Amino acid sequence: MSAAVRLIAHMEIKGEHVTKGMRMEGLRRVGAPDALMESYFSQGADELLFTDIVASLYDRRQLLALLEIASRRIFVPVTAGGGVRSMDDFHALLQAGADKVSINTQALRTPDLIGLAARTFGSQCVIVSIQAKKRGDHYEAYVDHARQPTGKDAVAWAMEAENRGAGELLVTAIDQDGVGRGPDLDLLQRMALAVKIPVIAAGGVRGGADIAAIVERTGLDAVAMARALHLDGQTLSAIKAALEARGIATRPADLAGEPS
Amino acid sequence: MSIAVGVIDMGTSNLASVLRGLQAAGLEPTLLRRPWVDGAFGRVVLPGVGTFKAGMEALTRMGLIDPIRRHVQAGRPLLGICLGAQLLMERGTEFGDHAGLGLIPGTVLRLPETPGRRIPHVGWSAIEPDAPWDETLLSSLAAGAFVYFTHSFACVPDAPSHRLAHFTFGPHRAAAAVAVGSATGLQFHPELSSRTGLDILRRLGQF
Chain A
1 MSAAVRLIAH MEIKGEHVTK GMRMEGLRRV GAPDALMESY FSQGADELLF TDIVASLYDR
61 RQLLALLEIA SRRIFVPVTA GGGVRSMDDF HALLQAGADK VSINTQALRT PDLIGLAART
121 FGSQCVIVSI QAKKRGDHYE AYVDHARQPT GKDAVAWAME AENRGAGELL VTAIDQDGVG
181 RGPDLDLLQR MALAVKIPVI AAGGVRGGAD IAAIVERTGL DAVAMARALH LDGQTLSAIK
241 AALEARGIAT RPADLAGEPS
Chain B
1 MSIAVGVIDM GTSNLASVLR GLQAAGLEPT LLRRPWVDGA FGRVVLPGVG TFKAGMEALT
61 RMGLIDPIRR HVQAGRPLLG ICLGAQLLME RGTEFGDHAG LGLIPGTVLR LPETPGRRIP
121 HVGWSAIEPD APWDETLLSS LAAGAFVYFT HSFACVPDAP SHRLAHFTFG PHRAAAAVAV
181 GSATGLQFHP ELSSRTGLDI LRRLGQF
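Which chain is which? The protein sequence lines are A and B, in order. Position 253 of the first sequence, counted from 1, bears residue number 253 in full-length UniProt numbering, the numbering being contiguous throughout. Position 15 of the second sequence, counted from 1, bears residue number 15 in full-length UniProt numbering, the numbering being contiguous throughout.
Simulated from the structure, these hints should not be mistaken for lab results. Here the structure is a predicted model, which means the values were calculated and not measured. Do not rely on the hints blindly, as some may be mistaken.
As the list claims (entries may be wrong) - Derived DMTMM-like pairs: lysine to aspartate or glutamate, alpha-carbon spacing no greater than 25 Å straight-line:
no., chain 1, residue 1, chain 2, residue 2
1, A, 196, B, 113
2, A, 196, B, 28
3, A, 133, A, 144
4, A, 133, A, 160
5, A, 152, A, 140
6, B, 53, A, 112
7, A, 134, A, 160
8, A, 152, A, 162
9, B, 53, B, 94
10, B, 53, A, 162
11, A, 196, A, 162
12, A, 196, A, 137
Sequences and hints are given; from them, build the entire structure.
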C-alpha cells in the first residue's frame with residue numbers, strides 16, 4: 001500500500017471555543033481552537049476540519065481569525081465550513097487560509113452553488129457535507145446542523161452532489177455523532193457504492209478498530225474524528241500505531257512544522 | 001535573510017497556503033500578475049488548480065507564457081505545483097486537447113480507472129524515485145516519503161528520464177514529479193505536505 005488512510009481532526013467551533021455535542025446537540029466546551037489545532041497537527045493529523053456551528057446565526061469573524069492562524073502554523077490541508085451561503089463566503093474562507101470549503105445547508109437549498117464553486121475554485125476545494133439520519137430502510141439528509149429534515153434521500157443527494165462537481169463528500173451519521181458507539185457502516189457502505197469521489201466517514205468513530213472496520217468493510221480511506229480526540233483521550237499517533245499493527249498504512253509523523 | 005521568489009497569481013484558490021508555506025520555508029514571495037523583467041526573480045513558482053484550459057488562458061491573458069519560457073531557458077528554477085506542474089507539459093487532455101507551456105515533452109492524461117481507487121486521488125501517498133533525487137528539489141526526501149495529492153489528471157512525459165518520482169495508483173505508476181533542466185513540476189502540494197513539503201520549498205531557496 002502506498003496510500004495512507006487519511007485521519008482528519010474535526011473541530012466544531014462556537015465563538016472562542018471548540019465544542020462537542022451528542023447527535024449534534026447539547027454542546028460542551030472542549031478546548032481552545034488554536035491550542036487544539038497545533039496539538040492535532042503535531043500528533044500527525046493528516047488534515048484539519050473546522051466547522052463554525054453558529055456561523056449561520058451570527059458572524060464568522062472567529063473562524064476567519066482561526067484560519068489566519070492555521071495558514072501560518074498548520075501545513076496540512078485545512079477545510080472550513082459552517083453556514084457557507086454564497087460564493088463570497090467561499091472566497092472569504094479561502095482567502096483567510098482554508099484549502100477547501102464544506103457546504104451543507106445552502107447546497108441543498110441552491111444546488112447550483114456546488115457547480116458554480118467547483119468551476120470557480122476547482123472541485124478539489126468543494127466538500128459537500130451530508131448529515132444523514134436513518135429512516136426505516138433509507139437515510140434522510142438533514143440541514144442546519146442536523147436540526148432540519150429535508151425529505152431528500154441522503155444517498156441520492158450524494159450522487160447528485162457528485163454529478164454537480166463536488167470534489168469530496170463528508171458523510172456524518174447523525175445518530176452516531178458524539179455518542180461513542182462506533183460508526184454507521186451500513187450508511188458508509190451505501191455511500192461508498194453510490195459515488196466514485198472520495199467520501200470522508202464521520203460520526204461515532206472511536207479509534208483504530210472502528211477505522212479498520214471502515215477501511216475493510218467499505219474501502220473508504222478517510223475518516224473525521226472529533227469526540228474521540230477531544231474527550232476520550234485518543235491521540236492520532238496512538239490511532240496510527242493501532243492501524244499499522246493491523247496492516248493499514250498511515251502517514252508517519254514527521255515532527256510536523258519543525259524545520260529540519 | 002529571506003530569498004525572493006515570484007509566485008504567479010492565476011487566481012488559485014489556496015494561494016494563501018502557498019504563500020505561507022514559502023514564508024515558513026524562509027522565502028519571500030512576490031505575486032506576479034504581469035510580465036516581469038528577465039532575471040528579476042531567481043526562482044518562480046507556478047501554483048494552480050482548476051482546468052488545464054483555464055490555466056493556459058490565464059497565463060496567456062497575463063502575457064506570462066514567454067516570460068516563463070525565458071526564465072527556464074536562462075536556467076532559473078521554475079516550480080509548478082499541481083495544475084502548475086501539468087501546464088509544463090506539451091499538451092493537456094482535460095475537456096479537449098490543449099497546448100501547454102511545452103517545457104516538458106509529453107501529455108497530461110486522466111488517472112486510469114482503477115478498482116478500489118477513487119478519482120480524484122485525494123490524500124497522502126508515498127513517492128518513489130524514478131531518477132536520482134540528489135541535486136533536485138527532492139534531495140532532502142527519503143524514498144517512500146508521504147505527500148498530499150488532490151488531482152484527477154497526471155503528467156505523462158514522453159521520456160521516462162523526465163519522470164523524477166512516481167506514486168502507485170492500484171497497479172499503475174503515475175508521475176508525482178517531473179523535471180527537465182531547471183523546470184520541476186510537482187503533482188502533489190508541498191505547501192500542504194507537512195515538514196516533508198516545507199523541506200522541498202526550503203530547497204527551492206537554495207537553488
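Against the structure, the hints come out as follows:
no.	hint	verdict
1	196(A) / 113(B)	10 Å, holds
2	196(A) / 28(B)	40 Å, violated
3	133(A) / 144(A)	13 Å, holds
4	133(A) / 160(A)	18 Å, holds
5	152(A) / 140(A)	6 Å, holds
6	53(B) / 112(A)	22 Å, holds
7	134(A) / 160(A)	19 Å, holds
8	152(A) / 162(A)	15 Å, holds
9	53(B) / 94(B)	7 Å, holds
10	53(B) / 162(A)	22 Å, holds
11	196(A) / 162(A)	8 Å, holds
12	196(A) / 137(A)	23 Å, holds
In summary, the one numbered hint that this structure violates is 2.
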